[in-house]
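Novice: These are the residues of each chain, in order.
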Amino acid sequence: MKSNFDRILSSDDVMRRRATFLQRIHLDGPLLILLLTLAAGSLFVLYSASGKNWDLLIKQATSFGIGLVAMVTIAQLEPRFMARWVPILYVIGVMLLVVVDVMGHNAMGATRWINIPGVIRFQPSEFLKIIMPATIAWYLSKRTLPPHLKHVVLSLGLIGVPFILIVRQPDLGTSLLILASGTFVLFMAGLRWRWIISVVAAAVPVAVAMWFFIMHDYQKQRILTFLDPESDPLGTGWNIIQSKAAIGSGGVFGKGWLLGTQSHLDFLPESHTDFIIAVLGEEFGLVGICALLVIYLMLIGRGLVITAQAQTLFGKLLAGSLTMTFFVYVFVNIGMVSGLLPVVGVPLPFISYGGTSLVTLLSAFGVLMSIHTHRKWIAQV
Amino acid sequence: MSQPIRLKDHEKDARLVRSRVVVGAVAVVVLVCVLVARLYFLQVIQYDYHSTLSENNRVHVQPIPPSRGLIYDRNGVVIADNRPSFSLSMTRERSGDWATVLDTIVQILELTPDDRIIFEKRMKQGRRPFEPVPILFELSEEQIARIAVNQFRLPGVEVVAQLVRHYPQGPHFAHSVGYVGRIAEKELKSLDSVNYSGTHHIGKTGIERFYEDDLHGQVGYEEVETNARGRVLRVLKRTDPVPGKDIVLSLDIKLQEAAEAALDGRRGAIVAMDPTTGEVLAMVSAPSFDPNLFVTGISFKAYAELRDSIDRPLFNRVLRGLYPPGSTIKPAVAIAGLDSGVINASTRVFDPGYYMLPNYDHKYRNWNRTGDGYVDLDTAIMRSNDTYFYDLAHKLGIDRLSSYLNKFGVGQKVSLDMFEESPGLMPSRDWKRITRRQAWFPGETLILGIGQGYMQATPLQLAQATTLVANKGVWNRPHLAKTINGSPPVDSNPMPDIVLRDPSSWDKVNHGMQQVMHGARGTARKAAIGAQYRIAGKSGTAQVVAIKQGEKYDRSKVQERHRDHALFVGFAPADNPKIAVAVMVENGESGSGVAAPVVRQVMDAWLLGPDGLLKPQYASSANPEAAAREE
Chain A
-15 MKSNFDRILS
-5 SDDVMRRRAT
5 FLQRIHLDGP
15 LLILLLTLAA
25 GSLFVLYSAS
35 GKNWDLLIKQ
45 ATSFGIGLVA
55 MVTIAQLEPR
65 FMARWVPILY
75 VIGVMLLVVV
85 DVMGHNAMGA
95 TRWINIPGVI
105 RFQPSEFLKI
115 IMPATIAWYL
125 SKRTLPPHLK
135 HVVLSLGLIG
145 VPFILIVRQP
155 DLGTSLLILA
165 SGTFVLFMAG
175 LRWRWIISVV
185 AAAVPVAVAM
195 WFFIMHDYQK
205 QRILTFLDPE
215 SDPLGTGWNI
225 IQSKAAIGSG
235 GVFGKGWLLG
245 TQSHLDFLPE
255 SHTDFIIAVL
265 GEEFGLVGIC
275 ALLVIYLMLI
285 GRGLVITAQA
295 QTLFGKLLAG
305 SLTMTFFVYV
315 FVNIGMVSGL
325 LPVVGVPLPF
335 ISYGGTSLVT
345 LLSAFGVLMS
355 IHTHRKWIAQ
365 V
Chain B
-15 MSQPIRLKDH
-5 EKDARLVRSR
5 VVVGAVAVVV
15 LVCVLVARLY
25 FLQVIQYDYH
35 STLSENNRVH
45 VQPIPPSRGL
55 IYDRNGVVIA
65 DNRPSFSLSM
75 TRERSGDWAT
85 VLDTIVQILE
95 LTPDDRIIFE
105 KRMKQGRRPF
115 EPVPILFELS
125 EEQIARIAVN
135 QFRLPGVEVV
145 AQLVRHYPQG
155 PHFAHSVGYV
165 GRIAEKELKS
175 LDSVNYSGTH
185 HIGKTGIERF
195 YEDDLHGQVG
205 YEEVETNARG
215 RVLRVLKRTD
225 PVPGKDIVLS
235 LDIKLQEAAE
245 AALDGRRGAI
255 VAMDPTTGEV
265 LAMVSAPSFD
275 PNLFVTGISF
285 KAYAELRDSI
295 DRPLFNRVLR
305 GLYPPGSTIK
315 PAVAIAGLDS
325 GVINASTRVF
335 DPGYYMLPNY
345 DHKYRNWNRT
355 GDGYVDLDTA
365 IMRSNDTYFY
375 DLAHKLGIDR
385 LSSYLNKFGV
395 GQKVSLDMFE
405 ESPGLMPSRD
415 WKRITRRQAW
425 FPGETLILGI
435 GQGYMQATPL
445 QLAQATTLVA
455 NKGVWNRPHL
465 AKTINGSPPV
475 DSNPMPDIVL
485 RDPSSWDKVN
495 HGMQQVMHGA
505 RGTARKAAIG
515 AQYRIAGKSG
525 TAQVVAIKQG
535 EKYDRSKVQE
545 RHRDHALFVG
555 FAPADNPKIA
565 VAVMVENGES
575 GSGVAAPVVR
585 QVMDAWLLGP
595 DGLLKPQYAS
605 SANPEAAARE
615 E
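Same order as they appear, the protein sequences are chains A and B.
In this text, residue positions in the first sequence follow the numbering used here: the first is -15, and each later residue adds one.
In this text, residue positions in the second sequence follow the numbering used here: the first is -15, and each later residue adds one.
Treat the hints as calculated values from the structure; they're not laboratory data.
Footprint (simulated), chain A over chain B, 3 or more residues, beta carbon under 8 Å:
| # | segment |
| --- | --- |
| 1 | -6 to 1 |
| 2 | 9 to 17 |
| 3 | 20 to 29 |
Owing to the predicted nature of the structure, the values given are computational and were not obtained by experimental measurement.
Ideal Cβ positions, reconstructed from N, Cα and C, are used throughout, including at glycine.
Go ahead and model the full structure; you've got the sequences and the hints to work with.
Specialist: This is the structure in C-alpha cells:
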C-alpha cells in the first residue's frame, strides 16, 4: 500500500511539472514581452527623433540584438555561479577604472573609455553598473540582516572607491547611478531607518563641501542653470527651455508621429539621445508618455515580484537593487528633461539612442531572469 | 553539550527584504505620480503657453555680440576700430533649398564661382539652429539695392548692419597689431561657445590674438518674437553685452612711419624700445601687407599673391626671422668675459688677422685680414675685432658662454605679449648632444663668440639684448600693450635681472660701443656724424651663404638674395638711454654702412625735437654739456 508520502512524491504537479520552453532556456516571459515592446516603441520614436535616419535605426536595432544575446547568455548563468565570480570582477572593474584614470582615452572631453584599437573599446563604468550592486549583495548576503554598522561601513567603502574614480573622470551621471545601485542593496538588506535618516541629515553639509571642493565648473554650471535656466539661455539652459517647450506643446494627445516641430526643426539638441522623451512628449502627448510610464512600471513591478520570490538572499538583494536602479534611470531622465532635476546625462532606458547603455540594461535584465528561472522547484511546494 | 550554532534565519531575512520591496514599490509609485503631475503641468496647464512658443517658432534667443575693444597708439591715434558695415546673412533653416538660393545670390550680384565656394564654406560653419550666417561683407549701396529688389527670390536672406574690424593705418601695424579673421572650424572647438555665439571674428595674429580675451568682451542676448519668416517683431527681454577692453599700445605712429621711411623700401626689420620700461616704440617688418584684407575674408588669388611673393610680406621678420646675430652679440660676450673674470678691460690680445686654436691648423679669420695688432676690450668692440672675441670665447668655454647669453634672452621667448615669437636658438653642449648626437667641438665655441654658428636670434631678441646693456641688466620683457582698460599688462613670468659682480663692467662695454660710433677708428663712425647726442652701437653681419675656408666674400659674385643681412643695434643717449634700436636689413651686406644709418634715423626721429636739437626731457641728467662737447 502506498503511503501518503509516496503519493505526494509521485504526484506529477511537483517534480514532473513541465517547465515551459521559456523557463528551460531561462528567460522570463513577462519581462521579455515588455522589453520587446519597448524596443519596438524605441525604434518608432527614434525614427522621428533622428529625422528619419535609417542608418541610426539599424545601428540601434543591432545594439538591441547584441544586448539580447548578452541578456540570454547571462540568464543561463546560475546566481550561485555569479556570486562566486563577483568579487574578482569587482576587483578587475576597479583596476580598469584606475587604468582609465591614469591613461584613459579621451572622448568628449571626459576620460571614460578603455580603447584597444581594433579589439575593444568600452567604458569600465558601464561594467560596474551591474558589478557594483552584485558585489554589495554578495557581501551582505553572507552576514546577518539587518547589517551591522561595521558591514554597512565596509559596503560603503566598496561603493566609494569606484564612485570616486568615476566622479574624477568626470562623469557625474554614471557615478550617481552606481552610488544608487550600491546603496539600494543596503536598503533592500534592511538598513536601519534611523541610519538612513541621519545620513540624509548629514548629506546637507557634505553637499556643501562637494560644491566647493569636488565639483568641476561645468557641473556647478549645470546645477546653477537648473536652478535658473534663464541665466544661461544660450548655453545649457537652451536645452531645458527647448525641451520644456517641446513637451508642453504636445498637449494631451500630441502633434502626431513625425509631426513634432521642435525636434524636426533642430530646435532641440540631442533629440535622439538624452532628450528623446521630449520628442515623445511632443508627438504623442501626455498619453504617450503615460503609456511609456505604464510599461516602465510593469517592468519595475515584475522586477519587484522577482525580488520577493528570489530564493537566495544574494538573488533578492541583487534583483531589488537592479530594479530600483532602473527606476532611477527613468525618473532622473524624465525629471531632467521636464525641468525637475539637473541635467546629469542619464539616458532614457531602452528609448534613447546608444548601444552601450542598451547592452548594459539588457544584461541587468539577464541577471534578473537568471535569478528568477534558476530557482529550485522543490522549494516552491 | 555542543555550542549553540548561530543559524541564519532565512525566513526572517525574506520578510525583511519583502517589507523593503513594499517600501520601494510605494516610493516608485509616488515618484511616478510626481512625474505625471509635472507633465500634466507642462502639457495641460501650460499647454497654451508652450504651444505658442513652439508651434510658430516665434520666440528666439538671439546673441548680441559685444563690440570689440579698440586699439590705440601711445598718443591716442586709432589703430583698430569697428566700422558699421552691411553684410548679407542667410538663415539655412528659412532658405529651404539653400544651395539654389546661393546660386541666385551669385547671379543677382554678378559674383564669381570662387565667391560661391566661399559662401558655401561659410554656410557649412553655421552653428546654432536658426542662426543667421553672414556670407558676404561690406555690401555696396548698389548690392543692397539689388538684394532688396530681388528679396522675393531670396527666402531667409537678409541685409544686416554689423560692426566689422577696420585698420585705418593699413599696413603700418599689420605685423604688430595683427588682424582678426573669421573663426575657423578648428578654433570653434576650443572656444567658449556661449560667449562667442554672436561673434564671427577672432584675433588671428599679433595683439589681436594675444589679447583676444580682453578685446572680445562678454556676449549679451535678447529674446525676440519673430514672424513666421523670421523677421523680428519685438524684443521681449534684453541683456546688454559687455564691450571688450580698449588697449593703448606703446607704439608711436610717427616713429613707426619714420622707421619705415628709414628702410627706404628695403626688406628688413626694425625694433625700437624704451630701455627703461621695455615698451616697444616701433616695430617694422618690411614689406608689410594690408590687414583689412583678412578681416572679411581674403580672396584665394590675393592670398596666393601675398603668400607666394618672393619678398614674403606675410613673414613677421621681427618675431620669426631667425638670424645669426653676428658681431652684434659681442657686447654681451664682453660682459660675460668681464663678469666671469677671464678678462679685464686692459687684457690685450695680439691680432695677426686670424686666430688659431692650439694643436689645430684651422685659421679663424678676423674680418680685417691684415690684423689690428694688439687690441684691448675697448678697441676690440670699436673695431669689432674677431680675433679678440675668438680668444675670449675660447677662454670662457661653451658652458659659461651659453649660460651668460641665456641671461640676455638668446634662445628663449623674451616678449610679454607677442604671440608669434620664435625662441631662437642658443646652443649648448646638451643641446648638441640631444639634437645632433654629437659632442661639442672647441671651434664651435669660437664662432659663437662672434655670433655665428648655430646661434640664432630674432631682431626682437637683439633689441632686448641691447636694451639690457643699455639699462645695466634690468629685465623688462618687451611689450606692445601700454595699458589694457587703463591698467598695464602684468608679467606673470618675469626674468631675473642680470647682476654683475662689478657693475662698472656695464660702463666699460658701453664705452666700447660709444667708440664704435664716435671713436676715430669706429666701424660706424660715419653714421654718427652730426649727431646731437652720444650713441652706443654695434654692427653685425648675418651670413646667408656659408663661405668656405680660404674663400673670399666677393659681392659682385653673390646674387642679390644671397648677400649677407646687415645688422645694427644701438641705444642713445649713451649715458642716459631712452631708446634702443635693432635693425636688420635683408641682403644689406654692411651692418655699419647700411643698417647703422637706419638706426640713426630712428633715434633722431625719437630724440630730436622739431628744432633739430635733443628734446630737453632726453638730455643727460648728469652733465648735459658733456655730450655736446664730445661732438
